[in-house]
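Asks: Sequence:
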Amino acid sequence: MPSSVRPAANTVADAASVIPSLDAAIEELRAGSRTWSALTLSQRIRLLRSIRATVATEAEDWALTAARAKGLDLDSPLVGEEWLTGPYATVVAIDAYIETLTSLRVGASPLD
Numbered sequence: 000m001p002s003s004v005r006p007a008a009n010t011v012a013d014a015a016s017v018i019p020s021l022d023a024a025i026e027e028l029r030a031g032s033r034t035w036s037a038l039t040l041s042q043r044i045r046l047l048r049s050i051r052a053t054v055a056t057e058a059e060d061w062a063l064t065a066a067r068a069k070g071l072d073l074d075s076p077l078v079g080e081e082w083l084t085g086p087y088a089t090v091v092a093i094d095a096y097i098e099t100l101t102s103l104r105v106g107a108s109p110l111d
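In case it helps, numbering that gives the first Met the number 0 puts the sequence shown at residues 0 to 111.
Treat the hints as calculated values from the structure; they're not laboratory data. Remember, it's a predicted structure, so these values are computed and weren't measured experimentally. In this text, a Cβ means the ideal position worked out from N, Cα and C, and glycines have one as well.
Simulated restraints on C-beta separations:
no., residue 1, residue 2, range
1, Ala24, Thr101, 27 to 35 Å
2, Pro109, Leu73, 36 to 44 Å
3, Thr101, Ala23, 30 to 38 Å
4, Ala58, Gly106, 30 to 38 Å
5, Arg67, Ala23, 26 to 34 Å
6, Leu73, Thr39, 40 to 48 Å
7, Leu38, Val90, 17 to 25 Å
Turn these sequences into a full structure, and let the hints guide you.
Replies: Structure below.
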């Protein structure tokens, strides 16, 4: 790990204990990319719809957890930023992926 990259000061783990979990996460991503590439467009759309539903279900917890981690008062208007940069941005991106895959599935250009 480069010396300029250090775990946050408030974490229990030191750099040596973080590396194996990062390696495992990277391997999970590799395996997931192989699985994703084997899916049909319809399967990808179904998976993304499921992920979108899960994000929507967990959105409030996500935004409030992020706000708490930053020490924000939960009544502060700044909490809205956690909604916009977290779950809302994710749902918008997922919707765009679904729209693109749906266009491709019917033989249309996703750019139209």
